[in-house]
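K.L.:
Please construct the entire structure, taking both the sequences and the accompanying hints into account.
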Amino acid sequence: DVKVTQSSRYLVKRTGEKVFLECVQDMDHENMFWYRQDPGLGLRLIYFSYDVKMKEKGDIPEGYSVSREKKERFSLILESASTNQTSMYLCASSPPLEKYEQYFGPGTRLTVT
Amino acid sequence: GDSVTQMEGPVTLSEEAFLTINCTYTATGYPSLFWYVQYPGEGLQLLLKATKADDKGSNKGFEATYRKETTSFHLEKGSVQVSDSAVYFCALGTGGFKTIFGAGTRLFVKA
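Chains U and G supply the protein sequences, listed in that same order. Just so we're on the same page, the numbering used here is the position in the first sequence counted from 1, plus 128. Just so we're on the same page, the numbering used here is the position in the second sequence counted from 1, plus 4.
Careful: at least some of the hints might be erroneous.
Restricting the straight-line Cα-Cα distance to at most 27 Å, the calculated cross-link-like pairs of lysine-lysine (DSSO-like) are [said to hold, decoys possible]:
1) K102(G) - K60(G)
2) K199(U) - K60(G)
3) K102(G) - K181(U)
4) K131(U) - K102(G)
Hints are computed from structural coordinates only; laboratory data are not their basis.
P.N.:
Here's what the structure looks like:
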């Protein structure tokens, strides 16, 4: 069974902390994505990566960075967490020829206080 | 720009009722269209897709037809079950790597 796993289901951090969200997929997919999900707004793309060490900004990259040192792992970094980054964060991956057919992890609900 | 609009929820139905969740889109070119489903406590799963006009996607009793003339991709199911309670997202891919998601429609099915 294919799988995308995220390091935490729930996380509580303080304003100004550096936060790392980890995502691992076991499907050998080239493409990986980070979204945030907020009520009434659907999913918004933060960053994506189509290969190791490659990254592209999505619609809302401000305040975030990413790292992809290995094919199976894609990390989202909040350099200095703020309360407006309280949200559900979803990681996804997809194969190169079916880039819209994405496999999602269960999500990390991050609360910044 | 490209966008997806889907009906606001929540939608509440009794078991065995007919389901329609409306979805319309705005896009240049010829997008691919998708429905994803998110069950409580889980990430999204691809439910069905259609890649060209008049294609019908189907899975688990759900269907949606790609209507280019009305720019729509409405989700239907003839008889819903309690286990169908979830949030449903309409989405489109227009090229590049971006998938554009609708805001989601929550479905509650009562026994």
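K.L.:
Is the Cα-Cα distance between K102(G) and K60(G) 27 Å or less?
P.N.:
23 Å, holds
K.L.:
Verify the proposed pairing of K102(G) with K181(U), using a straight-line Cα cut of 27 Å.
P.N.:
This hinted pair holds, its Cα atoms lying about 19 Å apart.
K.L.:
Is it true that the CA of K199(U) sits at most 27 Å from the CA of K60(G)?
P.N.:
34 Å, violated
K.L.:
Would you mind confirming whether the straight-line C-alpha gap from K131(U) to K102(G) stays at or under 27 Å?
P.N.:
21 Å, holds
The structure is inconsistent with hint 2 alone, although it conforms to all the rest.
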